[in-house]
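Colleague: Kindly produce the complete structure, drawing on both the sequences and the hints.
One line per chain: the protein sequences are G and D, in this order. Going by the working numbering, the first residue of the first sequence is number 59, and it counts up by one from there. Going by the working numbering, the first residue of the second sequence is number 7, and it counts up by one from there.
Wrong hints could be hidden among the right ones.
As the list claims (entries may be wrong) - In silico contact screen, one side only, chain D against chain G (beta carbon under 8 Å); selected entries:
{"hint": "1", "residue": "Ala54"}
{"hint": "2", "residue": "Met56"}
{"hint": "3", "residue": "Pro76"}
{"hint": "4", "residue": "Thr140"}
{"hint": "5", "residue": "Val146"}
{"hint": "6", "residue": "Ile169"}
{"hint": "7", "residue": "Val171"}
{"hint": "8", "residue": "Leu177"}
{"hint": "9", "residue": "Leu231"}
{"hint": "10", "residue": "Leu238"}
{"hint": "11", "residue": "Ser258"}
{"hint": "12", "residue": "Met260"}
{"hint": "13", "residue": "Ser274"}
{"hint": "14", "residue": "Leu279"}
Derived by calculation from the structure, the hints in this document are not laboratory data. Think of the CB as a built atom: it goes at the ideal place given N, C-alpha and C, for glycine as much as any other residue.
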Amino acid sequence: MLLTLKRKYREELLAASFLWPSLLILVALLIYPLIDVVRLSFHDSNLQREVWVGFGNYIALANDPLFWRAFWQTVVFTFFSVLLHLVIGLGLALLLNMNLDPAFRTVARGLLIVPWLLAPTVAGMIWVLMLQPFGVLNGLLASLGIIDTNSTISWLGDPSTALGSVTAMNVWRAFPFFMVMLLAGLQAIPKQLYEAAEIDGASLFRQFWHITLPQLRSVITTIVLLDSIWTFRAFDPVYVMTGGGPAHSSEVLATAIYFDGFQKLKFGYASAEAVVMFIVLFIVSAIYVRRTMSNQQ
Amino acid sequence: MTVALPGAAAHPRPYLGRIGTRGRERLINLAAYLMLLVAIAIVFFPLAWMLTVSVRPNIEVMRMPPEWLPQVFTLEGYRKIFASKRYLVVFLNTMVVSLVVTALSLVLGAMAAYALARFKFAGQRAVLMFLITTQMFPLVLLCIPYFRIFITLGLYDTRTSLIVVYLTFTLPFCILMLRSYFINIPRDIEEAAMVDGCSRLGAIFRTLVPMSYPAFIGAGLYTFLLAWNEFLFAVVLIESWENRVLTMAIYSLMAEFVTDWNTMMAFSVLASLPLVMAFIFLQKFMVQGMTAGALTS
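Modeller: And the structure:
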């Protein structure tokens, strides 16, 4: 009895000594700043001075049309990015899962992943180049006769197309993640399900609807949740391609926080924005964590 | 690996009866190959454009209609980069930061992962939940406190600050991924080594570590990729050119010479090359890392 007790403590001690370096680092790097940013959100601060203003920043935020604009644009950007990631990723995963030559499958999958390996900054730069008024996209459209050579579109300079252009780049950049995850999911579906459906004479579409989709449901939910979180907090694509402009037409929360903090030096206000963003993400994260943890049991 | 093509069984449909099951299967397969090739062409177009622009003179870049192939081949862009210490130091910085972050994350991550995989202790569930949540933290939230903290500590504008900060997202990922790998390795193997006279640490190094090499390669590559591509913290925490990393340098190049597209694209090609090369050789491990990273269960 005594021996087992002692053994148990020794184990706990060993576990603790392996764990504490990482935990200490993460608490210092995540929890402390989180507390600090919440504290700062109740102050008027430009780094030199700090004045307590209570909920002043939050009230100003609620009445700031630019904040709400950035908020809804973030939602739109996230919704269309995730939706198109899913549609394109699923389509390509289904194609790659067909009865192809294994070598071709490996090469095709490898090639299709490449955009996801690039830094979002680099991907953004390539698209900035392509989307110039005299860039290759307009050239392509002009040579197809869709637009006139003299009336080219400034994709990133026009408020009506800026957010869409950034979304397009983000779709191109990140669909491979969905493709890889869904392909792994497809390959885990037992073939017998399809064989049985075949004997019952189910059409391809019915097989997809009644077997493939239900079997993929858990993977889809997971990656949609994850990608929503990642896209909602995205900074690089917008900052690199448009800086949120023109006239805030592609502003998202992450870039708005950056500009309010580091350009306008309104650190308290930016902190309040960050706290609002955190609360939104925390709700989605909680759903994700619940799912992941219940899978673990 | 390959799931049989749904619909390829022994019951020819009346409406497709004339070409027979074989012919129908071939037709569907041919369509799959074609569609994948088209997808690859579309996905690769921006990358191909980056490559061709990097080897043309700048006057050719914005021509309307576009020249699909360079009319004049020049390595001027690459020459500019290799001739300048200013650019080379950026590559060196990025390499050093990414390698140190990867090494730290793997060592600390493996220790924590071992504790979580092998021991039962109070608060284990809470630790796991915390680790999963950290992957969803809005990083822009941390910028303001980090900026303040590093100024206070005198670490603002140093590569050290980047290394420390990158651990916030690389360390939890490494812990979760290695843990899910360790759990699937039977503990009997370590116990057998301990019966043979190894200490626990000796047993870990002789059995668990060598057996988990795919997880280490996968997690290591993914961590390296994340560090190499990071942008937000590099913008906020680094001021002087000597301490810049690639993503930030490319972005400031865009602001510096708006029209020097061939140098910028050459820079982009060089920045992407290490990752693409690593991926070509280690595709299998990296896809594992990507899949495990999202579905750590």
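Colleague: Which of the numbered hints above does this structure break?
Modeller: Violated hints: 1, 3, 6, 11 and 14; rest satisfied.
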